[in-house]
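**Student:** Position chain E relative to chain Y; hints supplied.
Those sequence lines, one after another, are chains Y and E.
Under our numbering, think of the first position of the first sequence as 1, with each following residue one higher.
Under our numbering, think of the first position of the second sequence as 1, with each following residue one higher.
Hints in this document: simulated from the structure, not taken from any laboratory.
One or more hints might be untrue.
As the list claims (entries may be wrong) - Pairs of lysine to aspartate or glutamate, EDC-like flavour, derived with a Cα cap of 20 Å:
1. 295(E) to 234(Y)
2. 215(Y) to 148(E)
3. 215(Y) to 130(E)
4. 2(Y) to 66(Y)
5. 24(Y) to 320(E)
6. 24(Y) to 12(Y)
7. 295(E) to 238(Y)
8. 50(Y) to 112(Y)
9. 301(E) to 81(Y)
10. 196(Y) to 57(Y)
11. 248(Y) to 53(E)
12. 215(Y) to 126(E)
13. 295(E) to 310(E)
14. 248(Y) to 265(E)
15. 301(E) to 246(E)
16. 24(Y) to 148(E)
17. 295(E) to 231(Y)
18. 17(E) to 53(E)
19. 2(Y) to 246(Y)
20. 217(E) to 246(E)
21. 190(Y) to 12(Y)
22. 198(Y) to 57(Y)
23. 17(E) to 246(E)
24. 301(E) to 112(Y)
25. 173(E) to 61(E)
26. 2(Y) to 81(Y)
27. 196(Y) to 34(Y)
28. 217(E) to 130(E)
29. 197(Y) to 66(Y)
30. 301(E) to 161(Y)
31. 17(E) to 161(Y)
32. 17(E) to 220(E)
33. 301(E) to 231(Y)
Stated by the list, open to error - The following residues of chain E were derived to be distant from chain Y, with all beta-carbon distances above 10 Å:
34. 3
35. 185
36. 190
As the list claims (entries may be wrong) - Which stretches of chain Y does chain E cover? Using the computed rule of at least three CB atoms under 8 Å from a CB of chain E, they are:
37. 85–99
38. 117–129
39. 137–149
40. 156–166
Quick caveat, the model's predicted, so the values are computed rather than measured.
All residues carry an ideal CB built from backbone N, CA and C; glycine is no exception.
Each chain, letter by letter, is given below.
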Amino acid sequence: MKIAVLIKRVPDTELRFSIGGDGKSLDQAGLKYDMSDFDGYAAEVALRLKEAAGAGEVVVIGLGPDGVPEILRKALSMGADRAVHLTAAEVPVDGMSVATALAADLVGQGYDLILFGRQATDTGHGTVGAMTAARLGLPCVTAISQLNISGGTGTARRELEGATETVSFPLPAVLTIDEGIARARIPSLKGIMAAKKKPIETRPAQLGPVRLTVKSLELPPERSGGRIVGEGPDAVPELVRLLREEAKAL
Amino acid sequence: MATMFAFAESRNGALRKGALEAVTAARQAADATGGGEVHALVAGAPGIETVAETLGRHGADLVLVVAHEGFGRYNPEAVAATVAARISAGGYRAAFFAASAEGRDLAPRVAGALGVAMAADLTGFEIGADTVTVRHPVYTGKVVATLELTGTPAVLSLRPGAVPAAETPRTLKVEAMAPVGDPTASRVVTTDLSPRGAAKLDLGEARIIVAGGRGLKAAEHFSLVEDLAGAFGQAAVGATRAVTDDGWRDPADQIGQTGRIVSPDLYVAVGISGAIQHLAGMRTSRVIVAINRDKDAPIFKIADYGIVGDLFEVVPRLTEAVRQAQGQ
Numbered sequence: 001m002k003i004a005v006l007i008k009r010v011p012d013t014e015l016r017f018s019i020g021g022d023g024k025s026l027d028q029a030g031l032k033y034d035m036s037d038f039d040g041y042a043a044e045v046a047l048r049l050k051e052a053a054g055a056g057e058v059v060v061i062g063l064g065p066d067g068v069p070e071i072l073r074k075a076l077s078m079g080a081d082r083a084v085h086l087t088a089a090e091v092p093v094d095g096m097s098v099a100t101a102l103a104a105d106l107v108g109q110g111y112d113l114i115l116f117g118r119q120a121t122d123t124g125h126g127t128v129g130a131m132t133a134a135r136l137g138l139p140c141v142t143a144i145s146q147l148n149i150s151g152g153t154g155t156a157r158r159e160l161e162g163a164t165e166t167v168s169f170p171l172p173a174v175l176t177i178d179e180g181i182a183r184a185r186i187p188s189l190k191g192i193m194a195a196k197k198k199p200i201e202t203r204p205a206q207l208g209p210v211r212l213t214v215k216s217l218e219l220p221p222e223r224s225g226g227r228i229v230g231e232g233p234d235a236v237p238e239l240v241r242l243l244r245e246e247a248k249a250l
Numbered sequence: 001m002a003t004m005f006a007f008a009e010s011r012n013g014a015l016r017k018g019a020l021e022a023v024t025a026a027r028q029a030a031d032a033t034g035g036g037e038v039h040a041l042v043a044g045a046p047g048i049e050t051v052a053e054t055l056g057r058h059g060a061d062l063v064l065v066v067a068h069e070g071f072g073r074y075n076p077e078a079v080a081a082t083v084a085a086r087i088s089a090g091g092y093r094a095a096f097f098a099a100s101a102e103g104r105d106l107a108p109r110v111a112g113a114l115g116v117a118m119a120a121d122l123t124g125f126e127i128g129a130d131t132v133t134v135r136h137p138v139y140t141g142k143v144v145a146t147l148e149l150t151g152t153p154a155v156l157s158l159r160p161g162a163v164p165a166a167e168t169p170r171t172l173k174v175e176a177m178a179p180v181g182d183p184t185a186s187r188v189v190t191t192d193l194s195p196r197g198a199a200k201l202d203l204g205e206a207r208i209i210v211a212g213g214r215g216l217k218a219a220e221h222f223s224l225v226e227d228l229a230g231a232f233g234q235a236a237v238g239a240t241r242a243v244t245d246d247g248w249r250d251p252a253d254q255i256g257q258t259g260r261i262v263s264p265d266l267y268v269a270v271g272i273s274g275a276i277q278h279l280a281g282m283r284t285s286r287v288i289v290a291i292n293r294d295k296d297a298p299i300f301k302i303a304d305y306g307i308v309g310d311l312f313e314v315v316p317r318l319t320e321a322v323r324q325a326q327g328q
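Chain Y on its own, in the form it takes in the complex:
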């Protein structure tokens, strides 16, 4: 089984953000970058499928600037076989532009599965997977929380509001991976050493036209918060009074 995993390099969201001087990008000072959470789950799913099959190839692909190979290297140290860096000065916020580039690189490569995270933890649109599938004309199932592959078909579970869907699909297919399916493994020392020798191919990303752009970024207004009503159960009557009379939430 040949599996592609698309990986996005994103700022670590644990950190405090400030807006850069141009008003439409993050201030880069002090930012750390990592693999988007859901993409880590996708990499884990790919590795487990390969391990279960006892054979196959996992190719990790990242699009973006110079920092991308470092993130791809992390996926290689988890156990992926090789990596592709599609170079671009920046990752457009327009998912269709990105999907155009990814589809151009994925087409005709013989992948049985093409895996994405459900959405990136930075821009959070969650559109690139389904758009790439549309461009490739492949079946697509999004936000899956469980997966079984048997022969040429797959079965996946999707969590909806208040319900669960079971979906079947033929391979090859594009899947986007939700939480709950697998946690990304921590690379072992052996894996980290092996990754240093694994190849990362580099070629320019053939991005599509960009029709969605960032006009400005703002920090949301701080919640005033921080009001301690009291300590222990004796504070309960006052809390209920405030909820009823001041917040009008009861």
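**Tutor:** Showing chain E alone in chain Y's frame:
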């Protein structure tokens, strides 16, 4: 004057809340351009046409009903093909979807089929002459982006609750529309749809959410959270990732960066310290209450009201007080 499209999501023959929100948003968008028409499309098994009147009440001028046995469960490929064909024939300025689980699946398929850009999970929008300006929380809600979309149609999905459903009745026309392609020939097939936890209120639809964290110390203590939710009435129970990871609660109950993003009227955090990932999932709630033993817990920084104390003492007392306040 511009015509707008809205996709009306349904499940088991009934409209979802997001359908009414999408139609309401399309109505607002049409009115903002001087009062164009709103065309809503609903797909379902035969019988689905009965929902048309409700869509008309929320601002649709025309409801396109695509009734087919193959649409009894969500049929992403056939619905996307049908919606894309209608949008490309209809000359719409913008197409509105709910950013629900189904809408977030469908909208990018449609945009991909049409080859146009889209913006997802929006909290606001403004239709200009050549551009559509939208607002979208990014970096797990720590930053708000204002984005500009060029090209027509603009495909947009709206965060649940961002545009509350409102009634603006129109003179309604209803048209039957044939599906594009054969819905029974889709490659991707939904073979089962099961409700989770029978009568449980969904986190996205609850007015009040009571959520529990590690401070509860054990799975069985979640009964305290459930009792409090029960006292409030129309309340759902949520959890932190730490708790769902430990198997105390179903992963579907997880609120946070990688789980559900909720924005209820009242959010009560019980034994939750307030990790940034959790805050990303609930910080836009209207009123936040926190109960925690540690007065320095970050949750208190965003809570409107906090009680510092042992939740095992505070929560039962609160449950009792809420019951009394609700006249139970």
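**Student:** Each hint should be assessed against the structure and marked as holding or not.
**Tutor:** Here is what the structure says about each hint:
Between residue 295(E) and residue 234(Y) the CA atoms are separated by roughly 16 Å; this keeps the pair inside 20 Å, and the hint holds. Between residue 215(Y) and residue 148(E), the direct Cα distance comes to roughly 6 Å. Compliance with the 20 Å bound is thereby established for this hinted pair. Straight-line distance between C-alpha atoms of residue 215(Y) and residue 130(E) comes to about 15 Å, which keeps the hinted pair within the 20 Å bound. Proposed proximity of residue 2(Y) and residue 66(Y) is contradicted: the alpha carbons are some 27 Å apart, above 20 Å.
Distance check on the hinted pair: residue 24(Y) and residue 320(E) sit about 49 Å apart at the alpha-carbon level, beyond 20 Å; violated. With a C-alpha separation of about 18 Å, the suggested pair residue 24(Y) and residue 12(Y) falls inside the 20 Å cut-off, and the hint holds. Restraint check for residue 295(E) and residue 238(Y): the C-alpha separation of about 18 Å stays at or below 20 Å, so the hint holds. For the hint linking residue 50(Y) to residue 112(Y), the alpha-carbon distance of about 11 Å falls within 20 Å, and the restraint holds.
The straight-line distance between the Cα atoms of residue 301(E) and residue 81(Y) is roughly 45 Å, outside the 20 Å bound, and the hint therefore fails. Restraint check: the Cα-Cα separation between residue 196(Y) and residue 57(Y) comes to about 17 Å, which is no more than 20 Å; the hinted pair holds. Proximity of residue 248(Y) to residue 53(E) is assessed by CA-CA distance (about 33 Å); at most 20 Å being required, the pair is judged violated. Distance hint between residue 215(Y) and residue 126(E) is fulfilled; the C-alpha atoms sit about 13 Å from each other, no more than 20 Å.
Simply put, residue 295(E) and residue 310(E) have alpha-carbon atoms about 11 Å apart, close enough for the 20 Å limit, and the pair holds. In summary, the hint linking residue 248(Y) to residue 265(E) is supported, as the alpha carbons are separated by about 10 Å, within the 20 Å threshold. Our distance criterion of 20 Å between C-alpha atoms is broken by residue 301(E) and residue 246(E), whose separation comes to about 26 Å. A threshold of 20 Å between alpha carbons decides the hint, and for residue 24(Y) with residue 148(E) the separation of about 12 Å falls inside it, so the pair holds.
Distance restraint check for residue 295(E) and residue 231(Y): the Cα-Cα separation of roughly 9 Å lies within the 20 Å cut-off, and the hinted pair is therefore satisfied. Using a Cα cut-off of 20 Å, the hinted pair residue 17(E) and residue 53(E) holds, with the two alpha carbons roughly 15 Å apart. This hinted pair does not check out: residue 2(Y) and residue 246(Y) have alpha carbons roughly 60 Å apart, beyond 20 Å. Straight-line distance between C-alpha atoms of residue 217(E) and residue 246(E) comes to about 11 Å, which keeps the hinted pair within the 20 Å bound.
For the given pair, residue 190(Y) sits about 25 Å from residue 12(Y) by alpha-carbon distance, which is inconsistent with the 20 Å threshold. Simply put, residue 198(Y) and residue 57(Y) have alpha-carbon atoms about 13 Å apart, close enough for the 20 Å limit, and the pair holds. Annotation: proposed proximity of residue 17(E) to residue 246(E) is violated, straight-line Cα distance about 32 Å (limit 20 Å). The straight-line distance between the Cα atoms of residue 301(E) and residue 112(Y) is roughly 48 Å, outside the 20 Å bound, and the hint therefore fails.
For the suggested pair residue 173(E) and residue 61(E), the alpha carbons sit about 6 Å apart, so the restraint of at most 20 Å is met. In summary, the hint linking residue 2(Y) to residue 81(Y) is supported, as the alpha carbons are separated by about 10 Å, within the 20 Å threshold. With a C-alpha separation of about 18 Å, the suggested pair residue 196(Y) and residue 34(Y) falls inside the 20 Å cut-off, and the hint holds. Taking the CA atoms of residue 217(E) and residue 130(E), the gap is near 55 Å; set against the 20 Å cutoff, the hint is violated.
Of the supplied pair hints, the one linking residue 197(Y) and residue 66(Y) holds, its CA atoms being roughly 19 Å apart against a limit of 20 Å. With a C-alpha separation of about 30 Å, the suggested pairing of residue 301(E) with residue 161(Y) is violated against the 20 Å cut-off. Straight-line distance between C-alpha atoms of residue 17(E) and residue 161(Y) comes to about 11 Å, which keeps the hinted pair within the 20 Å bound. For the given pair, residue 17(E) sits about 33 Å from residue 220(E) by alpha-carbon distance, which is inconsistent with the 20 Å threshold.
With a C-alpha separation of about 16 Å, the suggested pairing of residue 301(E) with residue 231(Y) holds against the 20 Å cut-off. At roughly 20 Å from the closest C-beta of chain Y, the C-beta of residue 3(E) stays outside 10 Å, upholding its exclusion from the interface. At roughly 12 Å, the least C-beta separation between residue 185(E) and chain Y is larger than 10 Å, which holds for a residue marked as non-interface. The beta carbon of residue 190(E) is not kept farther than 10 Å from every beta carbon of chain Y, the shortest such distance being approximately 5 Å.
Restraint check on the stretch 85–99 of chain Y versus chain E: 6 residues with Cβ-Cβ distances below 8 Å, three needed, restraint holds. Here the stretch 117–129 of chain Y counts 9 residues with a CB under 8 Å from a CB of chain E, which clears the bar of 3, and the coverage holds. Counting residues of the stretch 137–149 of chain Y whose C-beta sits closer than 8 Å to any C-beta of chain E gives 6, which meets the bar of three, so the coverage hint holds. For a cut-off of 8 Å, the count of residues in the stretch 156–166 of chain Y with a CB near a CB of chain E stands at 9, and the three-residue condition holds.
Comparing the model with each earlier hint shows violations of hints 4, 5, 9, 11, 15, 19, 21, 23, 24, 28, 30, 32 and 36; every other hint is respected.
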